[in-house]
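Trainee: Now for the letters of each chain:
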Amino acid sequence: MSLVDRLRHCSLSDLSGFRPWSVEGREIGWLRLDVAEALRRFPSVFLVTDETVSVQPHLDTFDYRSAAIGEVARALLEMGIVHGWRSEAFAVAAQYGDEPLFRLERAAVPVFGVKAYGVHVNGYVRTPAGIKLWVGRRADNRPIEPGKLDNIVAGGLPYGLDPLRNLIKEAEEEAGIGEAMARQARPVGAISYRMLHEGFMRRDTLFVYDLELPADFHPANTDGEIADFRLMSLDEVTAILESSEAFKFNVAPVVIDFLIRHGHLTAETPDYVELAMGLRAP
Amino acid sequence: MKRVASPGARSSRSKSSPQASPSLLRQLQRYAPVDYRRYLRFTVDDQHVGWVRRDFAPHLADFPATFVLNADEVTLHPALRSVDARSDAMATALAELRGRGLIPGWRGELYPVGRGFDQPCLMRMERAATPLFGVLSYSVNVNGLVRREDGLHDWIGRRAPHKQVDPNMLDLLAAGGQPLGISVADNLVKECWEEAGVPAELARQAQPVSIITLQIEAAEGLRLGLQFNYDLFLPADFQARNTDGEVAEFRLMPVQEVMERLRTADEFMYDIALVKIDLLIRHGLIGPDEPDYLALLAGLRRPIAFDPI
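For the protein sequence lines, the chains are A and B, in the order given. Quick note, the first sequence lines up with residues 8 to 289 if you use the working numbering. Quick note, the second sequence lines up with residues 4 to 312 if you use the working numbering.
Fair warning: there could be bad hints in the mix.
[Claimed, not checked] Which stretches of chain A does chain B cover? Using the computed rule of at least three CB atoms under 8 Å from a CB of chain B, they are:
1. 101 to 115
2. 185 to 199
[Claimed, not checked] Pair by pair, the computed Cβ-Cβ distance ranges are:
3. B:V168 to A:P107: 40 to 48 Å
4. B:A94 to A:P221: 57 to 65 Å
5. B:G119 to A:R133: 33 to 41 Å
6. A:H65 to B:R150: 54 to 62 Å
7. B:A239 to A:D230: 42 to 50 Å
8. A:P221 to B:D153: 19 to 27 Å
9. B:D269 to A:G167: 46 to 54 Å
Hints were generated in silico from the structure; no laboratory data involved. Backbone N, C-alpha and C fix where the C-beta goes; we use that ideal spot for every residue, glycine too.
Given these sequences and hints, build the entire structure.
Mentor: So this is what it looks like as structure tokens:
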């Protein structure tokens, strides 16, 4: 096992099991082939061919599309393709910054293979012994990746919401970081990946922030999602990443990006170029 | 140098941005995307390692013991089995081509040829020939930074007017190609001294922070580059001083000014503009509310296109 396995885990290169779908000629997501075929049952909403799926052109506004696709999502729930219903609508756009094309129930996002966004914060402390990173351990009752290691603050970003506003909210809930401290977080880039997750194509872009914390600060979780926090040296973090899957699958690439940017890995590190290229899926 | 607006490039969006500043994407659009149909694959030992322009390939047909040409490929002759044999045959052919005036800017420096930085070196090649064979070359860039009360500052050089490549354009503290036989870290120390008068003990404090890739059709040929970027934090009283005559002047510039210049003009060397955009991103001077933030990130590190083995 090596660091680069943590990145490869989050990349899907074989797209043969999926079919792209589009809205108004713009690619919006990737459907598993059986899901694409299931959409043939809704010809007033989707035009399904052997190569592509597109939303019928008469659905030409945000509201029309949201209502029609929402009904299909409900039907897919009854067919057992969509699992669960969170009653939380995500806006969907072809690219970040573009006008949203429709809204979609959160539980249906992976089934439709559309892009989702998140905000991750590396909370770190400068010490005489070098930089140390705050690492959280996810509570054992979390539905996704219970017990895995996590960033000090991380969360999904509903489309259209300001990443910094979302960060400030999550920082308070997840780590007890007040607004004034959270505003010191610095945007440092983003990672994008396309991976197979629970049988569907997951396409996430995570906006990454670094937050330097005072030496006497200790994060305190308030929403029950994190079991405990530990301050780790970068050598310890690297050793864990190299030898295990203890970090949550999409936190590992965020932390590797941190190690690269802070000079903890060098050109002599095995696979440095692949690690520094990072995850930039379309 | 040829600069072409990318015909397929989307114009910058301004919707998600509070400010109306011009997009930094202009820097990534200074060159049109490479049209690989104009090239033949260059292979060594059955491995795709470069691209030869179709109109340059006929010159290589004059060396049948060194190159084998067909409709899609220029292959280094399979009888050349060792790194030394390949390198010697290549050197002989390049000397002849140089004599015909086909290899301008001869450097007398050998570069490795292979499929990647941590892949085996299959052959050595004169630096000036690398764009003609479209092979991947490596280099090191050093951002010279100063933290001041009034914000982050960056040492920016202006290239000497007699430089063969990009005279008078804006450059960073120190940069250099990565030849064979020297580590990236040692090369950095050497370039820091020659270009900016940074003492070795100071230069060694530079931290590796990122890479960028380069993929452009320049005047000298197809440049495929992988560049290792370092940040070097310098004392406030440090004065950059060129020792090899290749830099006309140095100025300590607020990074805000670097950003404004990148938004409005093409004064920086192309690859250095990419290095500076990477710097602006890593140091949080632009964030997700910057128009084209994700497109900038993707553009800095586009994968280099070789066929899979």
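Trainee: Would you mind marking each hint as holding or not holding in the structure?
Mentor: Evaluation of the provided hints:
For a cut-off of 8 Å, the count of residues in the stretch 101 to 115 of chain A with a CB near a CB of chain B stands at 5, and the three-residue condition holds. Interface restraint, the stretch 185 to 199 of chain A with chain B: holds (6 residues with C-beta to C-beta distance below 8 Å; minimum three). Taken as a hint, the range 40 to 48 Å holds for the pair V168 of chain B and P107 of chain A, whose Cβ atoms sit roughly 45 Å apart. Between A94 of chain B and P221 of chain A the beta carbons are some 59 Å apart, a value that agrees with the proposed interval 57 to 65 Å.
For the pair G119 of chain B and R133 of chain A, the beta carbons lie near 34 Å from each other, so the given range of 33 to 41 Å is met. H65 of chain A and R150 of chain B have their C-beta atoms about 58 Å apart, which keeps the hinted 54 to 62 Å range intact. With their beta carbons about 44 Å apart, A239 of chain B and D230 of chain A fall inside the hinted range of 42 to 50 Å. For P221 of chain A and D153 of chain B, the Cβ-Cβ distance of about 24 Å falls inside the hinted range of 19 to 27 Å, so the restraint holds.
Between D269 of chain B and G167 of chain A the Cβ separation comes to about 34 Å, which falls outside the hinted range of 46 to 54 Å.
Violated hint for the displayed structure: number 9, the only one.
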